[in-house]
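As they're listed, the protein sequences go chains A and B. Quick note: the first sequence uses this note's numbering, first residue 551, plus one each step. Quick note: the second sequence uses this note's numbering, first residue 551, plus one each step.
Quick caveat, the hints were computed from the structure, so don't treat them as lab data. Some clues are possibly wrong.
Given that identical chains are not distinguished, each listed pair holds provided it fits within a single copy or across any two copies.
[Stated by the list, open to error] Distance condition first, Cα-Cα at most 35 angstroms in a straight line; then the derived DSBU-like pairs of lysine-lysine: (1) K744 to K678; (2) K678 to K636; (3) K708 to K662; (4) K708 to K636; (5) K662 to K710; (6) K744 to K723.
Please read these numbers as outputs of a predicted model, since none were measured by experiment.
There are 2 protein chains.
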Amino acid sequence: MSGEGQIFVLSGPPGAGKSTIATRVLQDMPDLAYSVSLTTRQPRPGEQDGVDYHFVSREDFQARITAGEMAEYEEIFGNLYGTSEKIVRRALGQGQDLFLDTDVNGAEQLQKRFPDGVFIFLLPPSRKVLEDRLRGRATEDESQVRQRLERVRYELTKAKNYTHLVVNDNLEKAVAEVEAIITASRRRTQRHLKLLEEFQAS
Amino acid sequence: MSGEGQIFVLSGPPGAGKSTIATRVLQDMPDLAYSVSLTTRQPRPGEQDGVDYHFVSREDFQARITAGEMAEYEEIFGNLYGTSEKIVRRALGQGQDLFLDTDVNGAEQLQKRFPDGVFIFLLPPSRKVLEDRLRGRATEDESQVRQRLERVRYELTKAKNYTHLVVNDNLEKAVAEVEAIITASRRRTQRHLKLLEEFQAS
Numbered sequence: 551m552s553g554e555g556q557i558f559v560l561s562g563p564p565g566a567g568k569s570t571i572a573t574r575v576l577q578d579m580p581d582l583a584y585s586v587s588l589t590t591r592q593p594r595p596g597e598q599d600g601v602d603y604h605f606v607s608r609e610d611f612q613a614r615i616t617a618g619e620m621a622e623y624e625e626i627f628g629n630l631y632g633t634s635e636k637i638v639r640r641a642l643g644q645g646q647d648l649f650l651d652t653d654v655n656g657a658e659q660l661q662k663r664f665p666d667g668v669f670i671f672l673l674p675p676s677r678k679v680l681e682d683r684l685r686g687r688a689t690e691d692e693s694q695v696r697q698r699l700e701r702v703r704y705e706l707t708k709a710k711n712y713t714h715l716v717v718n719d720n721l722e723k724a725v726a727e728v729e730a731i732i733t734a735s736r737r738r739t740q741r742h743l744k745l746l747e748e749f750q751a752s
Numbered sequence: 551m552s553g554e555g556q557i558f559v560l561s562g563p564p565g566a567g568k569s570t571i572a573t574r575v576l577q578d579m580p581d582l583a584y585s586v587s588l589t590t591r592q593p594r595p596g597e598q599d600g601v602d603y604h605f606v607s608r609e610d611f612q613a614r615i616t617a618g619e620m621a622e623y624e625e626i627f628g629n630l631y632g633t634s635e636k637i638v639r640r641a642l643g644q645g646q647d648l649f650l651d652t653d654v655n656g657a658e659q660l661q662k663r664f665p666d667g668v669f670i671f672l673l674p675p676s677r678k679v680l681e682d683r684l685r686g687r688a689t690e691d692e693s694q695v696r697q698r699l700e701r702v703r704y705e706l707t708k709a710k711n712y713t714h715l716v717v718n719d720n721l722e723k724a725v726a727e728v729e730a731i732i733t734a735s736r737r738r739t740q741r742h743l744k745l746l747e748e749f750q751a752s
């Protein structure tokens, strides 16, 4: 179809169900590739290098920042997270659509570089549900939960800049909606002007 | 969700499969209402007044034009076709999403009045397939076919102004794509600013 690939960015507060939805969408849409982020944080049990993240040293990450390679990056709780612009541009140039999973600041930086990208903000059904989900995470103590709720407040102030908003009050519905947004974006006329020209000339 | 309904307009050259797809989408999405057009042409066998079209006299139609009631209208092969703006605005005001089936000139007029609307252009897989489909219609003789192919040429020059382009090379895929475009548009952030505000305030 259109030559260039496009980026689909999913953000949302922790506890909104972002990872679950990302996994499902990527399973359902094999022509969509996950853009693996770089991070300096330690792998959690079960996480694989090159699949969940590219786990790199702080020195390595900072060298990439200096080289201008990072499309977006941020320090969260003392760890660096980011996306390599080099990898993204190469994939898009090959016609590959990319799915990115970034926080609101990363999305903001990406939106400047990829203004035609699709930016989806995932909202939990309510603040109460979100709080319960965060407290339910056995890995986090109360002060971490509070820190994350503060973060939620901040992330919500950025939601209005996204192109789309999906409410995760029902997982199947939310997955279907994210997939619909991707499918619809692929049908945007501006992506098929060449096809139109060819049809007219035929 | 958002208070106002929105309009979804499907256009495409005759023989692209517009009616088939419209019927399927309206069956699958019961919360989408078909905006019934007015026409002065005679009903074809099986067509029902108020369902397929509002069949009205030429005098009636022209009185509505004079009264400024028509959102768009056009004369095609000696018959008037159009959409009542009064009916559309009333439905949207009640939060009802509307599905419209208009030709390219109608869509152009609607786009001026409803700039946030979604405009989908349906393309047949190729000019050859289109020509075969038109010749296959037992109701039309060769000169009508030629007249319609001329019309196709004209309609294609307008396709680039649509927001989305769907190729009907596979009916199931085309239906799914039109439905995805509708679902995705319903998730546009600008339609949910109130929801975001409420969440932030909670």
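Outcome of the hint check:
no.: 1; hint: K744 to K678; verdict: between (49 angstroms within a copy, 18 angstroms between copies)
no.: 2; hint: K678 to K636; verdict: neither (40 angstroms within a copy, 42 angstroms between copies)
no.: 3; hint: K708 to K662; verdict: both (14 angstroms within a copy, 31 angstroms between copies)
no.: 4; hint: K708 to K636; verdict: within (26 angstroms within a copy, 37 angstroms between copies)
no.: 5; hint: K662 to K710; verdict: both (15 angstroms within a copy, 26 angstroms between copies)
no.: 6; hint: K744 to K723; verdict: both (34 angstroms within a copy, 21 angstroms between copies)
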